[in-house]
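Here are the chains, one letter per residue:
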Amino acid sequence: MATVANYANIFTRYDLIGAGAAKGAMVSSKDTALQKVLECVLEGDSDNIAAVVNEALATKDPMTVINDGLIRGMNEVSRLWDEGEYYLPQAIVASDAMLQGLDICEKKLGQSLEKKGTVITHTAEGDIHDLGQKIVNALLRANGYNVIDLGKDVPVDDVVAAVKKNKPVMVTGTALMTTTMTAFERISNRLLKDGFETPFVCGGGAVSLEYVTGYKLGVYGKDASQAPGMANDAVNGLGWTDMREKWNS
Amino acid sequence: MATVANYANIFTRYDLIGAGAAKGAMVSSKDTALQKVLECVLEGDSDNIAAVVNEALATKDPMTVINDGLIRGMNEVSRLWDEGEYYLPQAIVASDAMLQGLDICEKKLGQSLEKKGTVITHTAEGDIHDLGQKIVNALLRANGYNVIDLGKDVPVDDVVAAVKKNKPVMVTGTALMTTTMTAFERISNRLLKDGFETPFVCGGGAVSLEYVTGYKLGVYGKDASQAPGMANDAVNGLGWTDMREKWNS
Amino acid sequence: MPKYDKMAYASAGEMIFGTAKNPVKYGRDFTVGGGQVFPELVPHPRPGTEATKKTLVKEYEKMVTDVLDRCVAIGIPGIQIELEHVYQMTKNPDWGGEIASATKHLQEEYHRKYGLKSGIRATIADYRKPDEEDIRNSVAIETSLKTFETSAAGGADVLSIESVGGKEISDYTIVRQDIRGTLFGIGVLGSRDMEYMWKKIVDIANKYGVTPGGDTNCAQANVAMFMAGGYQDRSVPHTFAALTRAIAAARSLVAYEQGAKGPSKDCGYEDVIIKSITGNPIAMEGKTCACAHSDLLGNLVAACCDLWSNEAVEYHDMFGGTTVAVFAEILGYDVALMNTAIQMGHEKVLQELMVQSDKYRDTHGFILCPENAYEIGKAIVGNNTSYYARAKAAAIKAGQLMLGDSKLQMSAFEKESLESAMRTLDSLPEKEEDFISECADIYKKLIPGFTLANYGL
Amino acid sequence: MPKYDKMAYASAGEMIFGTAKNPVKYGRDFTVGGGQVFPELVPHPRPGTEATKKTLVKEYEKMVTDVLDRCVAIGIPGIQIELEHVYQMTKNPDWGGEIASATKHLQEEYHRKYGLKSGIRATIADYRKPDEEDIRNSVAIETSLKTFETSAAGGADVLSIESVGGKEISDYTIVRQDIRGTLFGIGVLGSRDMEYMWKKIVDIANKYGVTPGGDTNCAQANVAMFMAGGYQDRSVPHTFAALTRAIAAARSLVAYEQGAKGPSKDCGYEDVIIKSITGNPIAMEGKTCACAHSDLLGNLVAACCDLWSNEAVEYHDMFGGTTVAVFAEILGYDVALMNTAIQMGHEKVLQELMVQSDKYRDTHGFILCPENAYEIGKAIVGNNTSYYARAKAAAIKAGQLMLGDSKLQMSAFEKESLESAMRTLDSLPEKEEDFISECADIYKKLIPGFTLANYGL
Ligand code: B12
Ligand code: B12
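Residue numbers (this note's numbering), protein chains in the order written: chain E, 1 to 249; chain H, 250 to 498; chain X, 499 to 955; chain Y, 956 to 1412.
No incorrect hints appear here.
List time: in silico SDA-like cross-link candidates among lysine to any residue, alpha-carbon distance up to 25 Å: (1) H/K383 with Y/F1181; (2) X/K552 with H/T462; (3) X/K697 with X/S884; (4) Y/K1017 with E/D82; (5) Y/K1101 with H/D402; (6) X/K611 with Y/G1184; (7) Y/K1068 with X/L906; (8) H/K357 with H/N297.
To give an idea of the chain H side of the interface with chain X (calculated C-beta under 7 Å), a few residues: (9) V253; (10) N258; (11) F260; (12) T261; (13) Y263; (14) I266; (15) A455; (16) S457.
The hints are simulated quantities; they were obtained by calculation from the structure and are not laboratory data. C-beta atoms are modelled at their ideal positions from N, C-alpha and C, and glycine is treated no differently.
Could you put the whole structure together from the sequences, leaning on the hints where they help?
Below, the structure is given as structure tokens:
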């Protein structure tokens, strides 16, 4: 059987370009206990996080462990992910570890850290493609948001009712089918009718910028990683038109 | 070199199915002179039409030659075309011959046959794809219409002005580019503003039913062969909404 | 329980596009796997048309007519049309039935007029929610089964589904690069759910005299592959996605153990492994399904296909006609090339070209090239003691193959991700019951709503 | 006057995809005809975006980015992007220039980052109206030439046009099945107009150091082919369209006689004949240009291509990404298969498969399969006494070939149409001047606005 003389004329492995130039994590702590917390977060090591956090809490106050260990570690993870060093799973397992550590610190503190705000997430009526939503949930939680997860295949009525009840800073919708995404427009109309101007960030495979910016409140979310930034904007008082301006043009 | 064992597994020559079942023209005249006229039209024989029409006019009055020769022949051509017996070129050369014969008869009559009505045709501003329009022109003329041919790459203003001046029963537009068809909507708006409700039949490669039925006056023309039937409807008083109902749904 | 204990083919070299050991015949003169590849065209309705049954049926009639017209225009000898249900078609059983029936009438007309061969696949939407409901007794499962019936009664020739058993686990584990959980979600739970579902589907198919087609691991292996994405994506490692695919083969096989006959469902990239085991015809999709998603094995994946599909395209206008006609044309020429190769006796050469185009482009193509797929198939049938054992064996074999071919380049990150998964796989318990109880403990804590009862455990 | 008097290849057997006798090199590491086939992707803007320069430039930037991203995602080694001007880009020379420049910047960025090879073709719109104006001195020609300059200055690597000389005649004659007039409009007037235009285009290309690509007989042979359509269309006989194509080869050749170097323009289906004569690389399109139009030779037409194109696709969303990315992916895999064949030494087998897929599907494919194309090429170079003589010889040869192969089936109607055209061709005068004066008499009467002066006569 003949063999291939030169694969380079058939395909180019662009994924290998610049590979190996990995720079790794750039944060560390002089404190050994905090260093261990940092490492656990950076490695997403949920098995050991409890132990190292408890160890650190033996000598430090909870806010220090949170700020200089857990949150500092998570910020570095975000940087590594943004720069393509980490893949999504590294970001997610880190956030799992971080949230577990946080839990322990909060117990010790005797109170929960104040959340940055509440976000309601859902996957459209008739649609069970909810993986995008799950990623959004994880990333928002890792960034300090209180997430109300309405789940998948959520009737329009339920989304509207939840917004009225919880007055979130932002509501999100995921839809993967062009035949289910039409629910978003109905939600938007209902919210407006009742005087709500909550930014409504919509994303998912079949959903397009063109579609989402075709109804009021709609802001298009291309990638789950944008969700925390968008929520921050909403908390900072940006309205849906400003957000659309910023994220969708 | 290997050869193909069985082409039937690669493609099917659907064009050959039922071939040979050709039934041919089904009209004839007992009158030899009219029979020749009929044959000339059926064969699209522009070289001989003058001679045979003149021969027929020697013994018959012009209206008989027109009705029982030229128009009868042309009707049969239309039937043959509709049934897939004739190709478009047969219809067009027949109409060429028919129109030449008509000319001679009209001269003898001393007056033109009354036209069924006036139709204005054009190809959109910026567009020189005018072949569809040319076919429309030929078919409308063959069907007794006075065609005002504005040509190709016609500014919106000129189309509007021509409609105002000539008050046609119908106006047509051809566009082959999605970036030029947008002129149709502007024409429609201008006509409406000035109180004209002339049916505006738009067609051409890139133009779709969806687009044309998105603005007022617009009726979508899929095939040039529909133009005469549409013009007949317009003459019979159908408005653009009726025509859209009839042709576009 | 696993049934297959041997390979259908004596070697990978025997496997080729267009021919399957067990061809199936249905529809209008339509034989799949009988020496000729046919296109499978999947049309999707425009948003808004799902509003009423009337508008949706009309949309399908237009789409199907455009497809059949294009076949006749360019000489495509035969075609399968997949009615891949959007939610509304399954949710309302009579909609699915009526659309199948409208499609059948059109196909019959073109068969009468032109002799155009044809078949219809109905893929019922599985909209059960394993983390929210009893998936063996819910409105969702009852409705889906009802719609299988109306579809078969209406005119569908082949029944398929993209079943979602174990998705609640794999959704959690795939984005965490957790191979243990992924093996559990797909290899164990997915397989058990399929056994349950496919018994019922095969019964319905038999009741109506139609063909039970096959399933796909869209809900899991395609999620991983989709997220692994292109060369620049950083969502899921490509090596991890390849392991997921190998596991998926052990799972999707269950349909055939319960009586499915093929053609398999187009988006099951694992189907080539399944063909090596079952000898049943398979539907595949690659470059010409770019309208639905990108992949890194556009040519290779056609190497053993019996139907060649576009996965799905939404109905819209293009300069050259509507999308459904355009993709019917491209698929039509793709299969014409394959059929010419068959007619000229050059099919193995063309297959080798397809393979070499993509074998070293990415890990997914690497493990699915016929030789490697065959090896994975052997690992599956050689470990048929439990769903777990064979799925694990498939993953380990895939990993060994990837690590064993020096032409397959990997970035350091990708390689480390593979080696780490291999270490985990090696460390897992021998016995299925041990694995199940280990996983049950872990994931019941982590995944709200997850319950073993959904899987008869 | 005709220049070519011999064939570039000693036999049809020497012609193959990916390799041309005279490769051309430009852009970012981009060589066409040097042993590798590349895709040529043609994006078209959405309606409405043509409203202002700003919106149109932005639209192009988005489209080009999507294309380049997809190349990197799946590993396409290089790509050409064609800026096929919509009217507004030519009408406003600075628009065309700015879009070329924006495209170049993006290509440079991807070349720098990833080593992605690339080139840009600008196809300026020829919007002269031969029946309404002096086509050698009009605003239209001046503007077009101006836009050639701004495009070359802006960043276009290759210049092309779909020139329209003689269209006023052929539009009249093609729909009347008048082969004499078609020969006149294409073979004589078209050739003369190209001689005039291409001198100027080559000068501009030289001035800016870019490559003069080639022309296409889109305005005439494609009209005939497009109208001949599919098996069920009844607008123009397929045999007539095939004759038109042979004539077109003699005409489009003029570009190279005036200094064009290739790659030819994708929609010139006659290009394979031209490659046989000139040895210049050619761009072709077939199955994967179904987005722009259907044809009956989707595989065959790739047999000798150096670039492989989608002709044109409007920018829209699909499930799998935007249309331009989707078609870049399909083209990318198409060429990967060809390049694999080249690398494995199986290119002649793959070529034969392409050919046999469509040689007997329809007359157009039949006359354009390499052997027959080569024979038509020989008829052209063997009758190089005048544009008329060689175009007529091409048509007669094509007709003889069609009538001489019993495997090529034709309906009675198609055959009669061919035989009737052949009788007419046989009856035409020997000398060009006689033919011109005969046609001048006839068509001046029939076609309002037609004037010999437009063609220097
Ligand atoms: C995997 C998959 C499935 C799995 C879903 C598993 C799961 N875990 O969710 C299963 C098998 C269940 C499935 C089922 C079906 N599917 Co499906 N599926 C897919 C596939 C291949 C990938 C989807 C996916 O998981 N992507 C990965 C996730 C992470 O991406 P994502 O959700 O888009 O999210 C990303 C962004 O969009 C964004 N994002 C998402 N939401 C939000 C929100 C915010 C706020 C922000 C900022 C960002 C954001 O962030 C994420 C990236 O970080 C797509 C193909 C495609 N082209 O999309 C088809 C697809 C969506 N499915 C389709 C169909 C038709 C179906 C079925 C109806 C088929 C059937 N008849 O069985 C059923 C649906 C049943 C139902 N009622 O829902 C069609 C939809 C076509 C259409 N008409 O619109 C597609 C396009 C495939 C096709 N045929 O072409 N499917
Ligand atoms: C031939 C052709 C040309 C020829 C035109 C020759 C001629 N005689 O008109 C030439 C070479 C001149 C040409 C030039 C260009 N073309 Co051009 N051309 C084509 C092609 C291949 C076929 C068009 C054709 O003649 N069809 C045959 C005729 C008979 O069909 P028709 O006009 O559609 O008419 C039928 C129906 O639509 C209907 N109909 C039409 N009008 C009406 C009206 C009424 C009332 C009714 C009832 C019916 C009706 O009846 C007819 C059938 O009976 C198309 C491909 C396509 N998919 O359409 C591209 C196409 C239209 N061209 C295209 C382009 C881009 C161009 C150029 C800009 C390219 C360039 N940069 O040079 C220039 C345009 C310059 C300009 N300003 O106009 C694009 C348009 C893309 C877009 N963005 O929309 C297309 C789609 C090709 C592509 N790239 O995919 N082109």
